[in-house]
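Visitor: In case you want the letters, here they are:
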Amino acid sequence: MKALILLSSLGTLALLAEIFGFKKRIFLISLLGLITIFFVNLLDWNLAPNIFFGMMQYDHYAVAFSSVILITAILWFIMSESFFKEETNRTDRLSLVLFALAGAVIMVSYTNMAMLFLGIEILSISMYILTGTLKDDLNSNEAAFKYLIMGAFSTGFLLFGIALIYGATGSFDINEIKEFITARESTVPSIFYVGVLLMLIGLSFKVSAAPFHFWAPDVYQGAPTVITAFMATIVKTAAFAAFLRLFSISFSDITATWVNIVWVMTALTLLVGNITAVAQTSTKRLLAFSSVAHTGYMLLALLADNSYSSSAILFYVTAYSFGSIVTFCILNIIINTYGNDNINSFNGLGKSNPLLAFVMTLALLSLAGIPPTAGFFAKYYVFTAVFKSGFIYLVLIAIFASLVGVYYYFKIIIAMYFKDSTNETIQATMNQKILLVVVAFAIIALGIFPDFIIRLL
Amino acid sequence: MITIFLILFPLLAALLLVLIKGEQVVKIAMIAAIIEFAISIFALSQFHYNANVQFEANYAWIKSLGIHFHVGIDGISLLLVLLTTFLVPIIILASFNSNYKNPSIFYSLIFLMQMALIGVFVSLDGFLFYVFWELALIPIYFICLLWGGDNRAKITFKFFIYTLAGSLLMLIGLIYLYQNTPGTHSFDIEALYLAGRGLDAIHQGYIFIAIFMAFAIKIPIFPFHTWQPDTYTTAPTAGTMMLSGIMLKMGTYGLIRWLLPVVPLGVQEWGNLAIVLSVTGIVYASCIAITQKDFKRLIAYSSIAHVGLIAAGILAFNVQGLQGAMAQMLSHGINVIGLFFIIDIIQQRTGKRDFESLGGIRNVNPQFAVLFLIVLLGSVALPLTNGFIGEFLLLNAVYQYSPWLAAFAGLSVILGAVYMLRSYQSVMLGETNAITSSFGKLSNNEKIVLAILCLAIITFGIYPKPLLDISEPAVIKLVTTITQ
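As given, the protein sequences belong to chains A and B, one line each in that order. Residues in the first sequence are numbered consecutively from -18, following the numbering used here. Residues in the second sequence are numbered consecutively from 163, following the numbering used here.
Simulated from the structure, these hints should not be mistaken for lab results. Note that beta-carbon positions come from the ideal geometry of N, C-alpha and C, so glycine has one too. A few of these clues could be false.
Stated by the list, open to error - Under 10 Å between C-beta atoms, here's a sample of chain A residues computed to sit facing chain B: (1) F98; (2) I429; (3) P431.
Chain B extracted, bound-state conformation (with noise of 0.2 Å):
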């Protein structure tokens, strides 16, 4: 029940708040989203820590053809799930001085987006699955579009047009699996794992090339990413938070759940190539993050290079790889917005977030620069904060794969430190000029939002197990089934 609350709460607060005009919908925006998020917390102190799908609710949907609406939550799903509604709040929160047009109806797709992507995370049916994917494409397609900056209609439509080619690439697969498994067909998650290992090694291979590639658009791994920067840039700051944050989780999560669980086969057949590619994305995007001018731009490239590292540490395909892609997804959602809402403020007070015309915001306010910097440590994985543990577990996980691709992958942390201190000193550091001498202090909801993130880095970095406590029963079972 809990699940199926968590899943219509947000839709429920979505049509809510399209009849709602006026100044009260960002406030009604935030209680619903703080509401979910007491949801979410209870349904974690309900958890049992163990391997098992808890909170399960299974009706028939589409009786003829075997489509359930199944869902339930283990530990890899709550731990997003947890992300998500943690994340939303702090979104809106951040979104108080931006003063969107219509606030009405860009909440209510907010809210729209939340419902798809915890769907994302905890259907346990493969139609359901694929419809919940496709349905969180739409609100935040909707956001760009209406919200988002210059050339925003080409440059959203590009996303839209790549991101659904993928999706329908992986809904031929499913179909494919479906058509496998045995009866009157189930799009059931464990109908399907069971056809998808009962096939050959080529044809498995076949599935993982389709359902990869929606994943690898998703994500994105090189050289399926062409689509991000554009979309980072270009997209109001609370879409890019919603993309870069939550939304690419979709892809990884799929990559655990729906695909190296499918076809283990194929994942040997195709696996080295993928792992080839994240590392390689690793490599690529990190060396472009260091020449960007653009500081919203260079987030995004970072934001490539991360989720590579992720998306290496879940095809490396062991304990501690999956482990590390958990912390990681956590790491990286919460950094990432962090540093997406840190250009915001720069943006809105100064106009620009390019570095040259930036410099000295430190002088003007020191209280700012701590903020900075310590969101900024987590991002480049210093020891004690957030982002060292899961990149720790991902790159060893990555070594045990392959020492040589270890080694590159290893890059990325000397040049994140290489790109993202660099830019903390061309921002920050330095004489103030005319455009940051007026930079002044951060309202309330600023501080409130930069201090949350902080707190969460500082604590997570310290004191990790309890998060990682969650997943690691459901992804210990994972990886024994598979390997076996």
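Next up, chain A with everything else stripped away, as it sits in the complex (with noise of 0.2 Å):
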């Protein structure tokens, strides 16, 4: 609670910094905002207050969640600096930014339909205009406006849903809706179930599973670099917390009314993300795929709908943002460097500069799951969860899978090491060779001693 307040009111201050003219400073005061919000949300721990009337529970859930959406977003700060020292248009990013992690927080901590709905809007809202923040480049205006297209398009699904769940159960409230169905099992009226299934749907948006994901590759590449590390992170946390909350308090009663159908969209959504990420030659583009792919794993520990299901997703989570944290930040540096993406320019970079090598191998072996990286433990967890609840052919499937992603994620550390370089220097700044050090760390230790985060939930 505490950290929404705070987010809200960082952000306000940032549109204010314009008026009052402290806009040089407020990039480093919305860092060290930050790191303290972090520091602040964590005394919500065990509090569990019931807030605004009910329409949203700081739980342990939340509380976790919205603590890694805000250490991803300090790795993301420090990453994307450069985005802020622009002269104009810097107070109005930062507090797009900040605004976004407020929709964040409160896609993590709902307890009602309609925060869900205010949560998801703020976060979206923030986000269409960030991505078109490249007001002179073609792909960016394009990326914005299908974002906003598809995007007020889903989430007209996810309003009806809302409604026709409202006007068959008569309320917003998550746990009401699991006990109207509890105690009417047999007689629940069938619009109920239409709502369901387009909540589904508007959700499926969001966190682009397949064969709701084409907007993502297009929006990925079109977005400025760090915007779309910002998507692949901290949106793709709050979707799928959010999405999580929702189907496994209020609906995992009914499991037989969208197991199937989830079933079949996690499958696609392995299969069409990491085979599709193959043919690509474009890094950021294949990243896109690659992160329609691990919504594939994510809906894994989803579909599986048991105990292990909310700490799987918090750890996958976790090891995927840090995994992309790194990916797209290197990525970012050879953007500046080249001014292309092709994975070409990746080439040589093993001799070039063997740290951002090194450290960029790392990252991608934890995308690829290999251990001892974090990412490595990420698939195993969802790989228990879901083996537990039975589904031993979309284990088969996603085996598959990862070994099509190893592919592709190879096919990166090759031209690194493998390729030779054309004798450009890539030089990284001060501040990102730490914060890869330390996120490569993260990685390894993570990988290492997941129980630090799995006992959480």
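Assembly of the complex is requested from the two constituent chains, each provided in isolation within its own frame, with the hints serving as guidance.
Guide: Following this line, the structure appears as structure tokens:
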């Protein structure tokens, strides 16, 4: 709760910076503010306050996920310092990002579907604008427009679903909906099920699960690289936390309604994401499809719907966010040097900048799920969760998909170490180097001591 | 404690080596490898010759999932740990003349791999075993990618994907077993044994297939061997030695520790097919080896034949078979490293390794010819060399399982003699030509490596008992607990 209030205040402060003329310092203030908020947020652990008249519940789940979001946000801020260095638009970019974070915090802690809708909208509208921040770039404009149209469309589905469920149950509260189902088992009106399916579609859009993933590659590619990183990490974390919260609390007694649909969606997402990624030559697009693929693994845990699910998703998003922050940070450096994001741009990085190449390799190994990195344990844990619920064929599909995943991640590794460079020097700033080394350590540490996170939920 | 130290020391060495620059690297690597060998010898001296797991260490690792850092050494593990610690210094010494670029990274990767290999051999927790198993793959992938020969990116990548596919199937098998352990689930080896044996024959069969795939690819057993000849040929010599000398023993060790005791009924269902595949591999690989013109490729195929016999002996699952497999794993490790080193010596001096351009080296360097001959005889399993005892026991075991299969498996001895002696003939005998006339003398470190290997071949051939005694109680215990 405190995190939400502080984040909104910080966002407003960032807007005021323009008026009161301290916009040179506002980046630093925001960064320090975020670090403070991260620690303040931890104070809510075990308090579980029911706030805003029971519309939000700041339970363990909410604290854990918002901590992941905040820590990713801190790392993201350090990585995207240059994004806030431009003379114009500095403060509005900052405040949009901070408001997006506030939306994300609402999405992980709602207990009322109206709040879910609010959270999603606060996050999404900020993202639509941020995607289009490169005003002179056609791709950026196209991406923003596409994102807006598709996002609005999916929100329509979501809202329609919420309305139908409200019509059937007379409540927006996710716990009351659950009670409604338990009380009336066989006599739940059919519009309720339609509502569930519409919400499923709406949320699948947000997490970019196939077949609702088509916006993701274009938007990821067109958006400024740092915003792509934001979408791949923080937005995905928040969307999944919201998705899981709704389905594991409200709809876990009517799994028969959605389990087959999610099963097919998961299989599709895994296969489409991974297989399409293989054919990409643009790294950004490759990472976009890989992000779709990772949605598939997280859907596995959602589908499992058992005691492992929430900690499996928590660990997965953490591992995935850390890996993505590193890959996008290095990709950003590469793009700034070469002006394009072709995989060939990574050629010879192993020679021209061994540190970057090493950290990138580690992050890619983590994304590919190779021990002893965090990504391996994340995959293992998700497999265990889904295995426990008996979806063995899906695990086999996931295994096949991970093999394909190894193929395209290793394309980059091979380019870095095997191909010859074009002799350009690639430099990272001191901040970026520190960030990369710290995250690399975190990736290994989480892989070796995953208990630190999974015992939280 | 010794076990943990055996795992940690190579890791420390690896980290230290990254920081060192310049010519010191190789020497420091050598010293570290010898220290590691000394530690394992110390473990041997403290070892009690019985079937129990010793030097055990067990710490909770991921508590909420019942995963432990549980390691320990019994007779079977100890032999393989000794093999690893014995061969790594030899591999490093053998690489003195190779002058790999970025030596600090190269040797660091070698030590990382040593750590993972020892970890595989001493793990008593399924999850830990899997992590070490995968961990062993990464250093060797980079060794092959960065220091390998032509077309290495493609070939090493195939190797990586192939082995990873097997490993992931094994992971599924392990998770399935884990879900069947009682209570809050555990990955402890005993719990997995109980869980596996508690299943019915059909499910044990599924698990057998899933886990067997991982080992079959690593060993490799026909028809999962297609990555192997290319990878062995392209990898740098030290990498080939690590792969063939030590790494494939992960697969055979896995069969003994993580497959046969886990799903005995599954073995009854599918073991027959697996043995037939192994024996097919022996004959098939031997036949292909005969037609090879590239010496390194020939040894790669001969290696498939040898390990096929080891796998068949293990799957026959009697005391002779397992003891034979232990003996043959050691001998094969020593012999194949010797052979690859000999190829490396020839290639460094002449730039060639195909039979057509070589010949008559014996006239130029008779000393080399004698050492080569000893290694070669060990490899064709002549009595009084180390290969003999292992092959004899293995063939005996296969015979007990099925005389017909033994007849085919026995072909490996004959065919082995054919291709090995032919290769000796075309490389060493005959007329000296322009390429081989400048062969020159062996350097000191080459002499030392070959002398140590030859000594090991002959000593072990004449008096194998001390080594076999180490594993015998553990093997007998394993066989009796399963057959009951």
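Visitor: So, for every hint listed, does it hold in this structure?
Guide: Okay, the hints, checked on the actual structure:
1. F98: 35 Å, violated
2. I429: 9 Å, holds
3. P431: 6 Å, holds
Figure legend: structure checked against the earlier numbered hints; the only hint not met is number 1.
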